[in-house]
Amino acid sequence: MRALLWQQWRDRRGAIAGWCAGWAVLVSMYVATWPTVRSHAKQYDDILAGLPKAMRSAIGAEGGGAFSTPGGYLTAELLGVTGPIVAVTMGVLLGVTVLAHDEDDGTLELVLVQPVSRTRLLLARATAGVLEIVGVLSVISLLLWLVGLAVGLGIGLIASARALLMLALLCCEGLALSVLVGALLGRAARTRAWAGGVGLLAFLLAALGPSIDGLEHAVRVSPFHTLVASDPFRSTPGAGSVAILLAPTVVMLGAAVLAFRRRDLRLR
Amino acid sequence: MCVRGLGKRFGRTVALDRVDLEVRSGEVVGFLGPNGAGKTTLLRVLTGALRPTTGAVAVLGRDPFREVPAARRGLGYLPGDLRLPSHLTARRILELFAALRGDGGSSDRDRLVERLEVAAGRPRGGLSKGNRQKVGVVQALMSRPSVVLLDEPSSGLDPLAQEVLEDEVRNAAARGAAVLLSSHVLREVEQVADRVVLLRRGEVVASARLDELRQAAPHDVDVLADGLDVAALRALPGVDGLVEQGERVRFAVTSGALATAVRVIADARVEDLRIAPADLEQLFLHYYQGDQR
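Sequence lines, in order, name chains A and B.
To convert, note that position 173 of the first sequence is 1590 in our numbering; the numbers rise steadily by one, no gaps.
To convert, note that position 200 of the second sequence is 210 in our numbering; the numbers rise steadily by one, no gaps.
One chain only, chain B, in its complex shape:
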């Protein structure tokens, strides 16, 4: 799927602004951003539910808004706010969607129902949030789609079901599907995504492999040392948030300044030293903390 210069406005509100994004076959892209960043809007544009204000969108080479049946034949989608048809059992809902797709997705449907332990005979009204979400996951993946869009897929799922979901996402990518996964569960994105796209106020602020993003983000340093030249450390460009507690010093340092900082530390009598690369949560905070203030 491919998005070029995508803009979406709701009246005066700019939901998406000049977004470029490409997800290739066999790739899982984690889609991150704080609430209101435009993640769900982008997914809805990709499904054809919303019409782009500017720019071009292609799913399987087709415009999802204009060339509907062709663009959606290979699309699997799990909405963030999942609403299922009323009065139907989970099994009937899945049969209905399979019939609408006109495909022979029954084998994957049964397999997924079994793996996720969906309460298939229970009417929608009798399903817990987690079970409804499982039905949503099954309908999104059962027809072996070539493009998979998942909006907060693990919402309401228990840890066992989350593990199955991650496994199924990897399976989908392994058989060649392009997967775009929007999630607030950063561990989940870390587990399955090859690449991460960070969205802020409707704009893509970063798009890179996780290890590349980590390189660009500050490392956390925690050092216990006697005779440490704290003033020299503080003066180093790239060192931030330095906190001194007796002989223990904590600070964040960019990859570029890390070697210099280590040389300063090495001049002291070091009793304990820990250097941790940023995890996804820290990356998230690094990019978005300014928005929360």
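Here chain A stands alone, though its shape is the one from the complex:
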């Protein structure tokens, strides 16, 4: 099994480097623009104040003055909008490679003739994906801290690691969702489409939920809302917040194992 995982990492070196580069550009861009934002914080906060409360809540800026502090600024910009979308996209795309990609191109048939159980294969590959996510976002948290030092951001390494770890947990949810859909469907394109669609729908519901009657309370258990509400750049997230981000991953991976163990391989 170790051989298979090493091979998986070797195969995905390019993709992992690509995700690192993408996150690096995104995070560096936000951090590098902090000095400009800080000097115009009043105007930004005035613009935010004109938005409906529900929208401010979605990006963690309901209290006002979000752009006056680096933590508030990064929460609104990085954790409120772009970060979750990129994290879920990354998770979904990595999740497709756990099962659906190889099942679709037929290489899984020969792998599963070896003395390796489906449960073990799925969990080992999903674990490899989780480690990739944590690895990439750990590097990015270090980068955020270093670029932040250069521009006087004032976010410590611990705060940076905390926030990026919460983002990694959301990314793992995307991965688990994609693994589950792949375990059910066994086709790469359909898995990307369904998992991506469900992820996007969940994000939209979390963003628009506070404005919709009957959804305002349900949104509080949404991972997207939890990511922002836990305010990881300024405080240590509580166990409840971590559980909301972690539990769906565990449940979806468990469901994926059950689904994958019981069905036929989708073979051409």
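One thing to keep in mind: the hints can contain errors.
[Said to hold, decoys possible] Okay, the calculated beta carbon distance ranges per label pair: (1) B/P79 x A/D1522: 19 to 29 Å; (2) A/R1637 x B/T64: 43 to 53 Å; (3) A/D1428 x B/S35: 36 to 46 Å; (4) B/P79 x A/A1610: 26 to 36 Å; (5) A/A1610 x B/A184: 50 to 60 Å; (6) B/R260 x A/R1607: 54 to 64 Å; (7) B/P79 x A/L1625: 40 to 50 Å; (8) B/P79 x A/G1439: 32 to 42 Å.
[As the list claims (entries may be wrong)] If you only want the chain A side, here are some residues facing chain B, beta carbon under 8 Å, derived: (9) A1420; (10) D1463; (11) D1522; (12) G1523; (13) L1527; (14) V1533; (15) R1535; (16) L1682.
[Unchecked claim] Just a sample of chain B residues kept apart from chain A, beta carbon distances all over 10 Å, derived: (17) G166; (18) D177; (19) R219.
FYI, nobody ran anything at the bench for these hints, they're computed from the structure.
Note that CB positions come from ideal geometry on N, CA and C, so glycine has one too.
Dock chain B against the given chain A, drawing on the hints supplied.
The following block gives chain B in isolation, referenced to the frame of chain A:
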């Protein structure tokens, strides 16, 4: 390996219906049938890739779908539609499968790579179909499995490699492996199989030793004779497809009617007579021609 009352459905399509099959240690069973007969489905059920709808399957005494590692530890499989992991050289692919098996198959691996002249250093993308197939054959046989499942193993192989493959299949059986070989190359089955199983529309229609099947199948008779009583021949039960061309007569006759037919022929002045037992191709046509119409 043992299959009892096996059924497999895909929605409303019946792929396999009440299939019984047993392949014993040291035996090579040729598995024949037209396209869509269910051969590949049966092999995939035996590997545990597909779950039986009804019936029981045992490979090395274990259910390949439920008791995965134990059932597959002694299994070697070459799929009909071979897909290999991308970006890897043939050598790396073989090392990967050897590592997954956790066995010391390296000595047989190197020997097979050498015998089949596999282009081991070339990446999969640079391998021809024949070379990919050779990699598939090596991975199926390198760990000296106790059960070998081969689906169209000679597909894409050159005649030299085919000969090596046949030899290796015989070697595997000689050391006690149970081999199930699905093939459209009837000569190959004739060369290596002890027994033949014929599958039609998901059902086993015949399972016997080759000589027994030949006995049951019609012989081809070609006779050149003066004064031959063609009407008597035509009237014989067991004579079929009689064609008359001047003094030359051709027909097929079952083993049971052969002696009577020869007596009728002997009453004429025979100039030339040829009686050929059915080869595997004729047997195949005998069982399946109705399906093609």
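Violated hints, by number in ascending order, as checked against the structure: Structure breaks hint 10 only.
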